[in-house]
Amino acid sequence: MNLRNSRSVGACSLLNGIEKQDADSRRKRKIAEITQALNTTPVDVAVLRRMAISEGGLLTDEIRCKVWPRLLNIPVESIPEQLEEVQRENNKDYNQVLLDVQRSLRRFPPGMPDEQREGLQEELIDIILRVLHKNPQLHYYQGYHDIVVTFLLVLGECLATALVEKLSTHHLRDFMDPTMDNTKHILNYLMPIIERVNPDVYDFMQQAEVGTIFALSWLITWFGHVLADFRHVVRLYDFFLACHPLMPIYFAAVIVLYREEEVLDCECDMAMLHHLLSQIPQDLPYETLISRAGDLFVQFPPSELAKEATQQHSLESPASTSEDVQSARRRRKEQLRPPQQQQQRNPVEVQRSALAVVQPTARRIMRLAVMGLTVALGAAALAMVNSALEWAPKLDLLFP
Amino acid sequence: MTDAESSLEFSTSLTSSLLPPPRTRIFKIIVIGDSGVGKTCLTYRFCAGKFPDKTEATIGVDFREKVIEIDGEKIKVQLWDTAGQERFRKSMVQHYYRNVHAVVFVYDVTSAASFRSLPAWIEECRQHALGQEVPRILVGNKCDLRHAAQVSTELAQQFADAHSMPLFETSAKNPHGAEDGSHNHSDHVEAIFMTVAHKLKSQKPLVLSQPAVGNTVTLRRQDEGEEPRANWGCNCWRS
Ligand SMILES: Nc1nc2c(ncn2[C@@H]2O[C@H](COP(=O)(O)OP(=O)(O)OP(=O)(O)O)[C@@H](O)[C@H]2O)c(=O)[nH]1
Ligand SMILES: [Mg+2]
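Residue numbers (this note's numbering), protein chains in the order written: chain A, 14 to 413; chain B, 107 to 345.
Take the hints with a grain of salt, since some may be wrong.
[As the list claims (entries may be wrong)] Cβ pair distances, simulated, as ranges:
(1) A:Asn148 <-> B:Ala235: 36 to 44 Å
(2) A:Ala241 <-> B:Arg252: 31 to 39 Å
(3) A:Gln312 <-> B:Lys196: 32 to 40 Å
(4) B:Asp267 <-> A:Leu277: 47 to 55 Å
No wet-lab data here; the hints were simulated from the structure.
Note that the structure is predicted; figures quoted are calculated from it, not measured.
Glycine included, every Cβ here is placed at the ideal spot set by N, Cα and C.
Please take these sequences and the hints and turn them into a complete structure.
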């Protein structure tokens, strides 16, 4: 894979001028399409998904305020204008949240006056505590605040509260378990994706025993913790909100693969490689990487990787004798096959069954260009929010 | 790692070690303790030589490195700065306990809770099968906030003795000594990590002398002629 070469560079200023006009008119066209999708009854969520994924994403925060709730299937009318009071003192997570929010200065625009920032930090604490209080099954993790701050800055406190709550019970649900076991399981999807695309990089990483923790903060903050430029963060959020909850792990894989040369040039050593990988370059070609991640998702859907991800898990267990390995594997299998009830609330599991439904159209999807592919996965992601039944006819609408 | 400054610092140290003498020795030190005690600030202070102006919550494990020289030998000190929140402990950072040469336990002298967590951190180490021969030290951080101290030196010293660890009280923010302006040019944070490095280099078993509680040792810089190794035995430094 050579993503670098796929970036064309405008040769002369005349060309640049034309390109700019082109970009301007594309942008105008996109805004018009989004407006139209928002104004049809019912709102055309499929189009909005496509817009969120395709080049440039949702373009402005103003549009995001209107479209993000739709991507999460939240009826805007239902959002209360009054927020509930927050009990700070009796909250078990208050101290940790406070500590993390106080240290989140980098997440706010550099020029923002202190007073305004401090006000927003208070709101940030309130949103987090409110959502946690209403959903006692959710557990706070360090990094959750990096996600919530993005919603706060784009949407304001009221809308942000509603969206964060929905997101926390869907896309982020696995991260908010009492333990991080499910999060670790999701990280286990990373290496199988890399192996499929570039076995050399995979072998190198395995040999260095680098592990996957370098991608932990990427995954559980949707890259909000590691990207300095807020515009890049919201662009990624457009993408992730429109997609399957596992998409961030595909995006993580794409970043590693994009850095193939650096990785292979690195000392084959856990520390060196961990350090190299955890340092995200700030000038990534986001649009290219986004469509690449969409490609990989369709080529290697989670259902196909699930088995290896599980094996990865048992390989990593610190069992020394083969007998230990065997029993560890058996134990893991049992853990990984949760009871039916639990399966339903696990996004990964839900999606696995949703993908089974997608199979008849899979062949056609394969033949579509990247854009077409990403439309398909946008539709697949819809299954997350709606039920699989509701979603199936929508796919027919997309591919008549 | 999001710490732009520390990455800058790191890349210079990487460049300077681009052509290391064959087989530079590496000392791998893991830094653990509750969230907010100052693990990131301490490791940053050692590697970059200053207090970071902004830190963020550590998610997972961050890595910092510094090349030092002991008796003419260049040694890479690798610091693994771990997340303090309990949920990250069990499954997440286990991988990074592998082949660790030394452990630094950190508590915050202004937080009794962070001190009370130490047994859990010691247990954590035990579960990761770190042998007794792996040197451990106890660091009480934020000594610049003495007025707000909740953990007395005596109490900390008792705990350290009970677990055969030397105790260091220091501050990542102001490791040069008292706020009253009295001059002590040595940087305790640097000295603490250097002491661990010396300990590892000498690879002699940890010898602990037991000076009277409250006995303050003024640490001089290495180039002032004192061998930091000799200080391993004194289990309390205060800034
Ligand atoms: N006054 C004072 N404040 C300190 C000192 N060291 C750290 N701090 C502050 O304590 C807070 C936490 O410091 P960190 O280094 O981020 O704590 P940590 O142990 O890495 O926390 P986690 O990453 O959450 O596990 C920050 O606001 C620091 O500015 C110190 O020596 N003195
Ligand atoms: Mg930290």
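Hints versus structure:
One distance hint, 36 to 44 Å for the beta-carbon pair asparagine 148 (chain A) and alanine 235 (chain B), holds here, with the actual separation near 37 Å. For alanine 241 (chain A) and arginine 252 (chain B), the Cβ-Cβ distance of about 36 Å falls inside the hinted range of 31 to 39 Å, so the restraint holds. The hinted window of 32 to 40 Å between glutamine 312 (chain A) and lysine 196 (chain B) holds, with their beta carbons roughly 34 Å apart. Aspartate 267 (chain B) and leucine 277 (chain A) have their C-beta atoms about 50 Å apart, which keeps the hinted 47 to 55 Å range intact.
In summary, the structure agrees with every hint in the numbered list given earlier.
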